[in-house]
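First to last, the sequence lines map onto chains A and B.
For any residue, its number in our numbering is found by taking its place in the first sequence, counting from 1, and adding 240.
For any residue, its number in our numbering is found by taking its place in the second sequence, counting from 1, and adding 14.
If you're looking for bench data, these hints aren't it; they were derived computationally from the structure.
Worth double-checking, as some hints may not be accurate.
[Unchecked claim] In the EDC-like style, the derived pairs of lysine to aspartate or glutamate whose C-alpha atoms are separated by at most 20 Å in a straight line are:
1. Lys366(A) with Asp169(B)
2. Lys310(A) with Glu283(A)
3. Lys337(A) with Glu306(A)
4. Lys198(B) with Glu364(A)
5. Lys189(B) with Glu364(A)
6. Lys189(B) with Glu128(B)
7. Lys212(B) with Glu128(B)
8. Lys212(B) with Glu108(B)
9. Lys215(B) with Glu128(B)
10. Lys136(B) with Glu79(B)
11. Lys366(A) with Asp80(B)
12. Lys220(B) with Glu261(B)
13. Lys366(A) with Glu385(B)
14. Lys331(A) with Glu345(A)
15. Lys355(B) with Glu322(B)
16. Lys189(B) with Glu345(A)
17. Lys212(B) with Glu79(B)
18. Lys212(B) with Glu385(B)
19. Lys355(B) with Glu385(B)
20. Lys198(B) with Glu345(A)
21. Lys212(B) with Glu111(B)
22. Lys367(A) with Glu168(B)
23. Lys355(B) with Glu327(B)
24. Lys367(A) with Glu193(B)
[Claimed, not checked] Quick look at which bits of chain B chain A covers, simulated, 3 or more residues with Cβ under 8 Å:
25. 152-160
26. 248-254
[Claimed, not checked] From the derived model, a few chain B residues whose C-beta atoms are all more than 12 Å from chain A:
27. Leu89
28. Ala91
29. Glu110
30. Glu111
31. Leu171
32. Arg172
33. Phe175
34. Val191
35. Glu213
36. Lys215
37. Glu259
38. Glu283
39. Gln304
40. Asn337
A virtual CB, placed ideally from N, CA and C, is assigned to each residue, including glycine.
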Amino acid sequence: MIRLLGLLAILAGSGAFGLLMARSYTLRPRQLRAFHQAVWALETEISYSSTPLPEALAGAVNGVEEPASKFFLAVADQISRGIPAGAAWQKAGEELKRDFCLTAEDWRTVLHIGIGLGTTDRTEEKKKLRLGCTRLLAAEELAEEQSRKLARVWRYMGFLAGAAIVLVIL
Amino acid sequence: MTLWVTKPANRSKAVQPDISISKAPEYRLKWLCLISDCFIRVFTWEEGVSQVPALKPGSKHAPSEDRLSLEVISLLAPPLASLLRGLPAGSLRELEEIRMRAGQPLLLRRGNLEFTVYPGGKIGSDLVKGFPVTPEAVRSSVEIMTRSSIYAWEDELRNGFLTLRGGHRVGLAGKVVVEGGYVKTVRHISSLNVRIAKEIKGVGRKLLPYLIEKSIVQSALIISPPQAGKTTLLRDLIRILSSGEPEAGLAGLNVGVVDERSELAGCWEGIPQNDLGPRTDVLDCCPKSQGMVMLLRAMSPQVIVTDELGRREDITALEEAVNGGVTVITTVHGQDEQDIKRKPVLRELLGTGVFRRGVVLSRRQGVGTVERVWDPATGRDILTAPLVLRGREHA
Numbered sequence: 241m242i243r244l245l246g247l248l249a250i251l252a253g254s255g256a257f258g259l260l261m262a263r264s265y266t267l268r269p270r271q272l273r274a275f276h277q278a279v280w281a282l283e284t285e286i287s288y289s290s291t292p293l294p295e296a297l298a299g300a301v302n303g304v305e306e307p308a309s310k311f312f313l314a315v316a317d318q319i320s321r322g323i324p325a326g327a328a329w330q331k332a333g334e335e336l337k338r339d340f341c342l343t344a345e346d347w348r349t350v351l352h353i354g355i356g357l358g359t360t361d362r363t364e365e366k367k368k369l370r371l372g373c374t375r376l377l378a379a380e381e382l383a384e385e386q387s388r389k390l391a392r393v394w395r396y397m398g399f400l401a402g403a404a405i406v407l408v409i410l
Numbered sequence: 015m016t017l018w019v020t021k022p023a024n025r026s027k028a029v030q031p032d033i034s035i036s037k038a039p040e041y042r043l044k045w046l047c048l049i050s051d052c053f054i055r056v057f058t059w060e061e062g063v064s065q066v067p068a069l070k071p072g073s074k075h076a077p078s079e080d081r082l083s084l085e086v087i088s089l090l091a092p093p094l095a096s097l098l099r100g101l102p103a104g105s106l107r108e109l110e111e112i113r114m115r116a117g118q119p120l121l122l123r124r125g126n127l128e129f130t131v132y133p134g135g136k137i138g139s140d141l142v143k144g145f146p147v148t149p150e151a152v153r154s155s156v157e158i159m160t161r162s163s164i165y166a167w168e169d170e171l172r173n174g175f176l177t178l179r180g181g182h183r184v185g186l187a188g189k190v191v192v193e194g195g196y197v198k199t200v201r202h203i204s205s206l207n208v209r210i211a212k213e214i215k216g217v218g219r220k221l222l223p224y225l226i227e228k229s230i231v232q233s234a235l236i237i238s239p240p241q242a243g244k245t246t247l248l249r250d251l252i253r254i255l256s257s258g259e260p261e262a263g264l265a266g267l268n269v270g271v272v273d274e275r276s277e278l279a280g281c282w283e284g285i286p287q288n289d290l291g292p293r294t295d296v297l298d299c300c301p302k303s304q305g306m307v308m309l310l311r312a313m314s315p316q317v318i319v320t321d322e323l324g325r326r327e328d329i330t331a332l333e334e335a336v337n338g339g340v341t342v343i344t345t346v347h348g349q350d351e352q353d354i355k356r357k358p359v360l361r362e363l364l365g366t367g368v369f370r371r372g373v374v375l376s377r378r379q380g381v382g383t384v385e386r387v388w389d390p391a392t393g394r395d396i397l398t399a400p401l402v403l404r405g406r407e408h409a
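Between the sequences and the hints, there should be enough to build the whole structure, so can you do that?
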């Protein structure tokens, strides 16, 4: 009886691990899309109405999913406390990294957007944010492709691997 | 030590107690403030204690130290902010200027007294020992002042200043970027001059009766050399006209202000930081000629006020406003009527016949001396003897 319960636990654990991995692959493009949406809105706020960064960041997250919205609000809050935008962006990244399912490469893309943010004129800011959007879009497309391939694999592989272990033990 | 401190002659007047019995506790408090000031000075001033001018306790116009800390010091680079916050209470009272130059000591000014802060947190006049301002501190201060949004202050940077909350103004100097012959921006900012805002109210009251004829405020041109109180007078006139002056039989008027250099209203994020009265609309950072037309069409003002006219297009806009039945009050740089007649555009401005009052300001008997008030249309003098709008203590 105990053996049977143990085998079931192995199967469930392995399956859950597979589902979690599949979920992270599904969430990654969604989170990158949310970032892309917010950076796009930020560019509009800056280039169209020259809104100062704290308000522009807060305004840019309207309709943006968490945790990307949380990231932007954290940056806005730190700038309001007197921390330069570049440093605030990096700090928010370090603090909220765990809430995201992004790869190291994705983070490099996100953090690159914050370098020198708010230190130039409107035209330059627009150019920089447009570049950030392009890079985020590329990362999003890559993540989408990986999600299509790997999310399904992980969803089944967890259970299959669990079943294989159970068979070996039996 | 070279003494380069001068004591304004009438400072002591400001602390003369009123001898009325009913106000005795208030004066006891004032004297206590003075005595505590003396102690602070003895313990914090390393050199030249005797040269420190007496302070006016509870000045009406200077911001309190708490307000100064919130509106100005909190916007300086962290090392400078903590240095100034560490100074004993009273050290920054009535501060007028904070100057930061990359690679030079931090300088502060109160009246004619210029001093620095030593790294240990004491104030003194030996600049060699003064706390050095690093280029990084200047850059960081600008970032904090603009809330990391340089792009949002492009127009102000082009004009060489920023306006902070509270109406304090920050002058900037550095590498100027020119495009097509025009200043595009200032980058690599190396010097900052924070000028603490002080509101001086009531200076326009004495002049107001000379600007009114048959209960109507007449269009006026104020001619003044720099530092003669022109902007302060104009700001006070706006406040009086907007609030109304029952003693002069004047009801409050809708006043439109075109504040191209953000000096009159001291707008911070579009909100005037100086009190301009309840019926005043401000177009901040707006070119004067366009602003006058915009106000005329959009806000139906009874009076339009603007500072420092001088371009030909301003004259066209001015004539349009006056022909629309609006009173215009404005200023020009100059010594007197003859002086402005030597400049073609200003001669044309005076010759338009739109002004019914000319006012000449000078510093002859202190800042805000009205030398002459006349009607440019008839040449009739309205003021018989010079009028001093305020005492020297505000100079």
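Structure-based check of all given hints:
no., hint, in the structure
1, Lys366(A) with Asp169(B), "holds (17 Å)"
2, Lys310(A) with Glu283(A), "holds (18 Å)"
3, Lys337(A) with Glu306(A), "holds (13 Å)"
4, Lys198(B) with Glu364(A), "holds (13 Å)"
5, Lys189(B) with Glu364(A), "holds (18 Å)"
6, Lys189(B) with Glu128(B), "violated (27 Å)"
7, Lys212(B) with Glu128(B), "holds (18 Å)"
8, Lys212(B) with Glu108(B), "holds (9 Å)"
9, Lys215(B) with Glu128(B), "violated (26 Å)"
10, Lys136(B) with Glu79(B), "holds (17 Å)"
11, Lys366(A) with Asp80(B), "violated (38 Å)"
12, Lys220(B) with Glu261(B), "holds (11 Å)"
13, Lys366(A) with Glu385(B), "violated (53 Å)"
14, Lys331(A) with Glu345(A), "holds (17 Å)"
15, Lys355(B) with Glu322(B), "holds (16 Å)"
16, Lys189(B) with Glu345(A), "violated (37 Å)"
17, Lys212(B) with Glu79(B), "holds (13 Å)"
18, Lys212(B) with Glu385(B), "violated (25 Å)"
19, Lys355(B) with Glu385(B), "holds (17 Å)"
20, Lys198(B) with Glu345(A), "violated (37 Å)"
21, Lys212(B) with Glu111(B), "holds (11 Å)"
22, Lys367(A) with Glu168(B), "holds (16 Å)"
23, Lys355(B) with Glu327(B), "holds (18 Å)"
24, Lys367(A) with Glu193(B), "holds (19 Å)"
25, 152-160, "holds (count 4)"
26, 248-254, "violated (count 0)"
27, Leu89, "violated (8 Å)"
28, Ala91, "violated (9 Å)"
29, Glu110, "holds (24 Å)"
30, Glu111, "holds (22 Å)"
31, Leu171, "violated (9 Å)"
32, Arg172, "violated (10 Å)"
33, Phe175, "holds (17 Å)"
34, Val191, "violated (9 Å)"
35, Glu213, "holds (25 Å)"
36, Lys215, "holds (31 Å)"
37, Glu259, "holds (38 Å)"
38, Glu283, "violated (8 Å)"
39, Gln304, "holds (18 Å)"
40, Asn337, "holds (35 Å)"
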